[in-house]
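Novice: Here is how the chains run, residue by residue.
2 protein chains.
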Amino acid sequence: MNTIDLINRHRSIRKFKDLPIEKEKMDRILECGMRAPNTGNMQIYSIIVTEQRDNIEALSKLHFGQGATAAAFLTICVDVNRYHHWCRLRGCDEPYDNFLWLMSGTVDATLAAQNICIAAESEGLGLCYLGTVMYNTQAIAELLELPKGVVPVVTLCMGYPAEEPALSERLPLEGVVHQEKYHNYSDDDIERIHRIREEFPFNQEMVRQNGTRNLAEIFTKIRYPKKDNVAISKALLEFVEQAGMM
Amino acid sequence: MNTIDLINRHRSIRKFKDLPIEKEKMDRILECGMRAPNTGNMQIYSIIVTEQRDNIEALSKLHFGQGATAAAFLTICVDVNRYHHWCRLRGCDEPYDNFLWLMSGTVDATLAAQNICIAAESEGLGLCYLGTVMYNTQAIAELLELPKGVVPVVTLCMGYPAEEPALSERLPLEGVVHQEKYHNYSDDDIERIHRIREEFPFNQEMVRQNGTRNLAEIFTKIRYPKKDNVAISKALLEFVEQAGMM
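Line by line, the protein sequences give chains V and A. Position one of the first sequence corresponds to residue 349 (the working numbering), numbered consecutively onward. Position one of the second sequence corresponds to residue 349 (the working numbering), numbered consecutively onward.
The hints are simulated quantities; they were obtained by calculation from the structure and are not laboratory data. Please read these numbers as outputs of a predicted model, since none were measured by experiment. Some clues are possibly wrong.
The list that follows gives simulated cross-link-like pairs (lysine-lysine, DSS-like), each with its CA atoms no further than 30 Å apart [said to hold, decoys possible]:
1. K409/A <-> K582/V
2. K496/V <-> K529/V
3. K496/A <-> K569/V
4. K582/A <-> K529/V
5. K529/V <-> K365/A
6. K569/A <-> K582/A
7. K365/A <-> K409/A
8. K363/V <-> K365/A
9. K496/V <-> K575/A
10. K582/A <-> K582/V
Some chain A residues near chain V, calculated using beta-carbon distances under 7 Å [claimed, not checked]:
11. H358
12. M382
13. Q391
14. N463
15. T560
16. I570
17. K574
Note that CB positions come from ideal geometry on N, CA and C, so glycine has one too.
Pulled out of the complex, with its shape left as it was, chain V reads as follows (with noise of 0.2 Å):
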């Protein structure tokens, strides 16, 4: 399959075949990840590979029970603390622990991300990102060993996919894209580009079932309310901090 049709039909695989990713396969996966591209070529990230079943089943709880028949997870980590351990032996600064370097990080670490995605469909594998790495950061951390200076922004669960879900919609592309300059929404704008989302069958469903007015009420008041949001934000604020990211 050409890489564009591979990438169009990307779907999140959450069920797995009982079956391990070949080592083989899986290090050829991981290195199309540090193919990546990435600030200075510093690679200011960490990948923690966890296949143990008791190790996978630990971290599936801190994810809410989110992946719990994978092969694998993947935690793709900011991580300043290799790169400064080197910088100290060679009698250098220190200078990376910063929020310019939090973010930056989190570009490098999502890039290699999304190779490690591309090049694991491309071998037949199935994977879903949970977000909620950022969700339970301190616990998680505890689990993996991170050291200071090492931040997990994103996980990957994957395996062989035991189900093949429907292709998710999408906004139009001209609700996404702006030519030259960012162009404000107007209320039409707004409903027009909303109009697929709000009547695909799925998301009809989702309204239906949990009894709210519209789309946005399933997001803003039971997916990801407000309350939730800004005490995660604290806590995720606070790891950072810790993290000497800040």
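Take the given structure of chain V and dock chain A to it, following the hints.
Specialist: What follows is chain A alone, placed relative to chain V:
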């Protein structure tokens, strides 16, 4: 070419032919960006495509002259402005202006960026990520007329390649990947892992030309020294606060 080979032959391209990117091709590439996984399928990002010569020149200046010959700049932003507008029209809370969604949004924007990168390369285009998007955030936001709630986090410059640079080196897999849990590095580990990097001819030449003691000094003294990192972190944090994302 198969996808894994394509990923493994990535090079940053910084010089471009004087050729535009065909509209149909650009749309196909952008659609690949839209297919990237993202938190709750909320697509909390916007993509600004800059192709007019005068706009590219202005933008390139804010990136310290990088990408001056590119056919297009793509500035990919965390965007809660559009999502909140929709929530408002549906009579809902606007709960995504906080640190959690800055971080999740940065991951989502970057996943879209890397889909775009790989799709573009599969179509014969070349590109380079410009980490400088974090350096001049305020000025870039003004030039692109970004409203509150929109934070640029990734910039790609793109076009038909006018150079064929050598493949850059990477750390060995064992230097970045940890099995099951994070295994902190001994001094010997750090030495061994970095050998390939320190012996890479291009890097040795850089050390020689700059009259530095070693490669770490290139990064910590010349390219990304502490005082710059601290100043940029401060400005970036101020921008993010003004954008309402802390």
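Novice: Any hints from earlier that this structure breaks? Give me their numbers in increasing order, please.
Specialist: Of the numbered hints, 1, 2, 8, 15, 16 do not hold.
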